[in-house]
Amino acid sequence: MGRLLWLAFSGGEPLLRDDLIEITRLFYHNNKPSIILIPTNGLLPGRTRAVVEQILQDCPKSTVVVKLSIDGPGELHDRLRCVEGAFDRTMETYELLAPLLREYSNFELGVNTVFCADNQDRMDDIIDIVSGMPDIRTHTISLARGHMRKQSLEDIDLSKYLAAAERLARGLREGSQPSYTFAGARLKAAQDILQRRLIHKTAAANSRQLECYAGSLNLVITETGELYPCESFLEEHKLGSLRDNDYDIKGMLKKDGTRQIIERIRHHCFCTHECYMMTNILFNPRLYPELLREYIRL
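Here this note's numbering runs 25 ahead of the position in the sequence shown, where the first position is 1.
These are calculated hints, taken from the structure and not from any lab test.
These figures come from a predicted structure and were not determined experimentally.
Be aware that one or more of the hints could be misleading.
With a Cα cut of at most 25 Å, we get these calculated DSS-like pairs of lysine-lysine [unchecked claim]:
| no. | residue 1 | residue 2 |
| --- | --- | --- |
| 1 | Lys263 | Lys226 |
| 2 | Lys263 | Lys280 |
| 3 | Lys57 | Lys213 |
| 4 | Lys226 | Lys57 |
| 5 | Lys263 | Lys275 |
| 6 | Lys86 | Lys213 |
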């Protein structure tokens, strides 16, 4: 496949895999990703510290980003995560990971919050908590999607999502919100601001705002080695098994029907998935003027 801009592990919980270090090492040597993203619920403090430090040592030329999940103040976070003591363990994980920032220049530590009906009235509290964590370098919010999104669709107040997004944007412009420090961090911050705005527009209008590059610039490999253009289509648009195709992704993308699937996604699909929205912004020249305006405001 060649070089990767962004290698993102997903879940479930990536830290449950015994072979996460080996998988990361293989991608590093074969694809040289500029950024490696590892989201975690923070429930395995000691293991997380050990695994992350090994990955930092094995992948010195990649920026390794760990995103801790914080979905509310203590009791609310525990309830949403269905684990008693989850918030305290996440904070323990934070305390264990923070010293690595002084030891490894390629490490970035952040927080992601899933915005849902149950925490939409506590977003200011959550932002205050994260702002008070001195070693956090970015705070992002993700609009709930999938099964959870369907259950609470009517209960989510998108104006509250927009208010949270605008507060984060103001904080980035004023320097009161944490921000990445890696090369290109200012561009990434500008993209985050624009991304949240477009996600709000997409959800509010329930319509497509820009073309999607899923399948051409983004691909999903499942835990069993199946290839898909997007995780939203794990039933309809399976592109094949890597094991059955000698791990030749380029060859799989040239097969009959695959290009039609990718073109259909590009010109007709829309969603609020942050990973795809990021690519759709960064590689869409039509959005560069707006992206540049946000970059300058930072």
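Here is how each hint holds up against the structure:
For a cut-off of 25 Å, the pair hint linking Lys263 to Lys226 is broken: about 29 Å separates their Cα positions. Between the alpha carbons of Lys263 and Lys280 the distance comes to roughly 12 Å, so the proposed pair stays at or under 25 Å and holds. Of the pairs offered as hints, the one joining Lys57 and Lys213 holds, with about 19 Å between alpha carbons and a cut-off of 25 Å not exceeded. A distance of roughly 35 Å separates the Cα atoms of Lys226 and Lys57; the hinted pair therefore is violated under the 25 Å criterion.
Between Lys263 and Lys275, the direct Cα distance comes to roughly 15 Å. Compliance with the 25 Å bound is thereby established for this hinted pair. For the hint linking Lys86 to Lys213, the alpha-carbon distance of about 18 Å falls within 25 Å, and the restraint holds.
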